[in-house]
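**Student:** Sequence lines, in order, name chains A and B.
Under the working numbering, residue 380 is the last one in the first sequence; the count climbs by one each step, no gaps.
Under the working numbering, residue 305 is the last one in the second sequence; the count climbs by one each step, no gaps.
Hint data in this document are derived by calculation from the structure and do not stem from the laboratory.
Among the hints, erroneous ones may be present.
As the list claims (entries may be wrong) - In silico EDC-like cross-links for lysine to aspartate or glutamate, where the CA-CA straight-line distance does not exceed 20 Å:
id, chain 1, residue 1, chain 2, residue 2
1, A, 71, B, 222
2, A, 71, B, 109
3, B, 241, B, 175
4, A, 235, A, 157
5, A, 177, A, 208
6, A, 158, B, 270
7, A, 177, B, 270
8, A, 353, A, 254
9, A, 29, A, 86
10, A, 309, A, 324
11, A, 56, A, 284
12, A, 177, A, 153
Claimed, not checked - Coverage of chain B stretches by chain A, computed from C-beta distances (three or more under 8 Å per stretch; other residues unrestricted):
id, region
13, 8–20
14, 128–141
15, 215–225
16, 253–267
17, 275–286
Think of the CB as a built atom: it goes at the ideal place given N, C-alpha and C, for glycine as much as any other residue.
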Amino acid sequence: MMMKTLMASAAIAALSGGALADGHGDKIKVGMITTLSGGGAGLGIDVRDGFLLAAKDSDMLDIVVEDDQRKPDIAVQLADKMIQSEKVDVMTGIIWSNLAMAVVPAATAQGKFYLSPNAGPSALAGKGCHPLYFNVAWQNDAYHEAAGKWASENGVEKAFIMAPNYPAGQDALTGFKRGFGGDVTEEIFTQLGQTDYAAEIAQLRASEADTLFFFLPGGMGISFMKQLAGSGVDKTIVGPAFSFDQGILGAIGDAALGVKNTAHWAKDTDNAANTKFVADFQAEYGRLPSIYAAQGYDTALLLMSAAAKADVSDADAFRAALAEAEFDSVRGDFSFAPNQHPVQDILIREVVKEGDVVTNRTIGVAATAYSDPYGADCQM
Amino acid sequence: MTTILLIEQVLNGLQFGVMLFLMAAGLTLIFGVMGLINLAHGSLYMIGAFAAAAVAGATGSFVLALAASLAAAALAGAVIEMAVIRRLYDRDHLDQVLATFALILIFSEGTRWVFGSFPLYLDVPAALAGPVSLPGGIQYPAYRLLIIAVGLAVAVGLFQLIGRTRIGIQIRAGESDREMIAALGVDISRLYTIVFALGAALAGLAGALVGAIQSVQVGMGEPVLILAFVVIVIGGIGSIKGAFVGALLVGLTDTLGSVLLPIAFGAFLDPAAATAVGSALASMSIYILMALVLMYRPTGLFGAA
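Bound conformation, chain B alone (with noise of 0.2 Å):
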């Protein structure tokens, strides 16, 4: 394993990383504001691909693309929150979990009714579509730093836009104690469609985004939506920051996992039974790692206690 293959494999993990950090954020967010869990979240992350998939499809242009996965999701998530979501912040956990898995189900068909089962196809712009050379000899394909810019730029936006700005101090607020902000005049079902909408449009952008190297197809949520729970567990729930943290150490090991582990048993076991092994410990080491974490920290990395 050379030096140049391992930074390659840690950009991968990053991006990868980022690329949770999208949907990990508004699922953070939602549960830290609202106390609610949204299994929807991944419909909305495939919201957001299919909404960029059929405007790159009608005009060409992956900008646009990109602005109507957010506007897309946003628009859906505000629709979501005020139709069904809002009955369900005084009911416990397991009405949520019922009614928003109910919300995949009707997503999941209403997609493929509209664009059917045949996955959709939506390009890399032509810009990016090569690799670009870094310091040291690498070669990286440049659309694939251009998603671990774009995350790093929402998680500043967002750090931002939490510590310094009135409407963050609110959500802040409103996470401590939604009684009291509401008793101080704050209306507070606005402001939990706007943070519902705001971590839709991250998940759609995250969609958009991953959708253009991999495949826009119904269904395409689910799988990151369980990563992204993992991460928000580890990073501790409600918490930005942790968010961060977390989708970084999951991308990171879940990458360099897949990597290094079957090198690993390939220095005491022949390379076909270094390669079953390393493979199926690889799928399995975010759990590790996030039990080791709660092992150490019940409430995770940066959760409150």
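Isolated chain A (complex conformation) (with noise of 0.2 Å):
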């Protein structure tokens, strides 16, 4: 892990060109925990290497990364240390709404900033908001209830629903009935970081649902996809990108095709920002940005604006700095809501081919400028 660290310093202070040597001086410190070893390895890789992209001609921001494994114990761990003896002035990076809700309360309590680049449990989109705290994401349920109402708006009368049992799991299935008017038939919590969905998909099979809505990230969507291909059971399929982005399309392939999914963010989102981003990120990497490349991306841009404009030691001007949200962000149209989550379109796309990549197309938009139910209990 040390190692990790040692490695993303150096690398940013090349990309920097050698300003690291100036020492802190006015620049930001960047706390990044994110996953990224591991079943979920993918999601975190990405917003870290967008966040990177973003930051890299600037001299801004001087970033520590390091790996949480996806246990929040190790989260918390990092945290502590990133707090108190990294002294970083901006935390973000987390992936999981279970990390999440192990380490932003008390990162924001300790006066630290915390944007995150993923997740939104609604535990902090509500009560638990705090003027500290930006999500520049969504909120956990945006996706899940926008796909509820384009479903329910295109046909869907019965569906089957499943999510693992977790903070946002939880949140996606609450979101997806939000937004749903049919039945819902089955309605299944998986364990985070399950492998094996045999006892699910035989449910599946036996469900008079005509449509499935599962939100599986990571490891656990590839698994499931391979399982429910081999079982020959046929039901239209309906999700959250986070279940088809673009590292899971690699690794399922064609088994995909016609799958209908939202997300706040396409390849194929017409703006110069996303235009330069989608072009930039693959002739960096080598391979297509995810929706977790594009927001570790936007954060880093929103967090260069922010700083652009006030010193991140006066929290306040810094806070209404963030709070403005000026800068040109991949999706399109972005500002914050007043408890500081996303006011956005959420998109519909369908997963196609490209010549030899399968990869998702923008459809139609499914919710128009979307703001998260919860922030009506927030208080700041």
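Work from the hints to combine the two standalone chains into their complex.
**Tutor:** Encoded structure:
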């Protein structure tokens, strides 16, 4: 782990043209805790790479990266280390909502800004909101609620819904049910990190639902889709982009063609910032960017836009600068609601094949200017 | 819940059970014969899966991949037995746990260093990729039936090996009195290496078989290792028969628990609460089973008193 930190610091030093030699100075020290190993590694690696890509030509940020291995206890240790010995100003990077719940309230209570590039648990959007906590990606319910709404509007009547049993999974099913007008025939919680879905697939086979909605990010989605393809069960599939992001599609291939999924961003989202991002990301890393990479990239852009306007040591001014969200987001229009969570369009995408590459194409907007319902409980 | 669904879930439980048996058989043999607690057994499972994924990627042959998983895990098992484990037989269990835990870390980081952090993909062979129709209108994935068949074949083979062959006699004798069989002229250290390699090969086979339907990644062995320990505690430490019965019990309890408990709670709770309570209780079910077995039979179902 130490080695990774050193290497990441060295990479940043090299990228920022030796500016590190100036010492800490006016730079903002950023602590990134993310998942770089195990079944969820693809998500963390993409967030990190997106973030580093955006920060590449800037000398404003001094970034430390650590791997939480998707374990809450390790994330808490790393956060303590970053706050107490590394003395970071801003923290970011956490992928999983159960880890975010373990780290974010403690970090903001100790006066650190936290910018979430992924996890958006409902608890932190409502009663647990905090002036120093900004979510740059989405509140957890967003994709799922939009998917439920889109499914209702497109003829789905009976849905079989499934998610892992952890905060984001619970938010997912709550969100879907809020948006969906039809019947939910089965509602199933799996284990986080589960690798075998034979029992769930058997229930799906016996179900009278016409459509399957599932939220299984990272390696879980890969295992499930592989097993579903071998089972001969044939249902229409709708899901959030987490179940069909670029990393998953590369591993499951043609089995996902035609699947509809919701996201706040797509590779083909039409704006100048996104065109540049997609081209730069491919040039830098040799692969297509995922939603996670786009989120990491936007998080760094937001941070740098605030750093250009205010000094991080002046918390009130810096907070106001963040809240203005004056940066060219790769998703297009973006602003913060009063609970410091995004107001943004949620797109509906379809899995298609472009040449040999299986990827997503935008086919419409599932929810316009979506803002989560928890903000009503947020009092800052 | 229809009968067809129930039968399908029982098959799923059996498939999970025989996979656990492949892990638990090696673990219980090694503990029974050598008195050694081997935490690194999960690493051997991982080595089998990675060897299979690497060979399948290079040659495209699933049969070669399975052969490679057996060979690689057996080789790794023999090497660690000779290099590390051999020094631990006379030490207490705490030293063994510490040393084999170190092996887990070494194997995990070593594998990460060679193959990277991203999961590897091992595909089910095309001939077994679809479902087959069983009597009664049941559709079941062909590959999972293969896992059940392989597991049962290995179980029969092991019973024959332990019960009917010369090496089996030596293994059983080693379990009861290792000084005596050494005095009778049996090369005990060679026997130990063979038993260890055999246990390792079975773990590697399990890793390769399961890797094809899940994903092959660093650390995949540890969750299975915990379940394999539950299996051998339930079955009775050192007993192959106990490992077999225990594995099927754990496989069926885990699978049927996760399906039936939410339905059972649905009878008197609203659906969302029933799902939450049922899933929470289902993940505890095998540990409750273990506690119950130990209450009535402290040495496990087939353990020697």
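**Student:** Taking 8 Å as the Cβ threshold, is the statement that the region 253–267 of chain B is covered by chain A upheld or broken by the three-residue rule?
**Tutor:** holds (count 4)
**Student:** Does residue 270(B) lie within 20 Å of residue 177(A) when you go C-alpha to C-alpha?
**Tutor:** holds (15 Å)
**Student:** Sort out whether residue 270(B) lies within 20 Å of residue 158(A), counting only the CA atoms.
**Tutor:** holds (19 Å)
**Student:** Hey, residue 71(A) versus residue 109(B), does the alpha-carbon distance stay inside 20 Å?
**Tutor:** With Cα atoms ~17 Å apart, residue 71(A) and residue 109(B) stay inside 20 Å; holds.
**Student:** Between residue 235(A) and residue 157(A), is the straight-line Cα distance small enough, at 20 Å or below?
**Tutor:** Roughly 13 Å separates the two Cα atoms, so the pair holds.
**Student:** Is the Cα-Cα distance between residue 241(B) and residue 175(B) 20 Å or less?
**Tutor:** Cα-Cα ~15 Å, so holds.
**Student:** With a cut-off of 8 Å between beta carbons, are at least three residues of the region 8–20 of chain B near chain A?
**Tutor:** holds (count 5)
**Student:** Do three or more residues from the region 128–141 of chain B put their C-beta atoms closer than 8 Å to C-beta atoms of chain A?
**Tutor:** holds (count 5)
**Student:** With a cut-off of 20 Å on the C-alpha distance, tell me whether residue 309(A) and residue 324(A) pass.
**Tutor:** With a Cα-Cα distance of about 10 Å, the restraint between residue 309(A) and residue 324(A) holds, given a limit of 20 Å.
**Student:** If you look at each residue in the region 275–286 of chain B, do at least three have a Cβ nearer than 8 Å to any Cβ of chain A?
**Tutor:** holds (count 5)
**Student:** Against chain A, does the region 215–225 of chain B show at least 3 residues with beta-carbon separation below 8 Å?
**Tutor:** As far as the region 215–225 of chain B goes, the hint holds, because 6 residues have Cβ atoms under 8 Å from chain A.
**Student:** Decide if the proposed pair is consistent with the structure: residue 177(A) and residue 153(A), CA atoms, cutoff 20 Å inclusive.
**Tutor:** holds (14 Å)
Violated hints for the displayed structure: none, as all numbered hints are satisfied.
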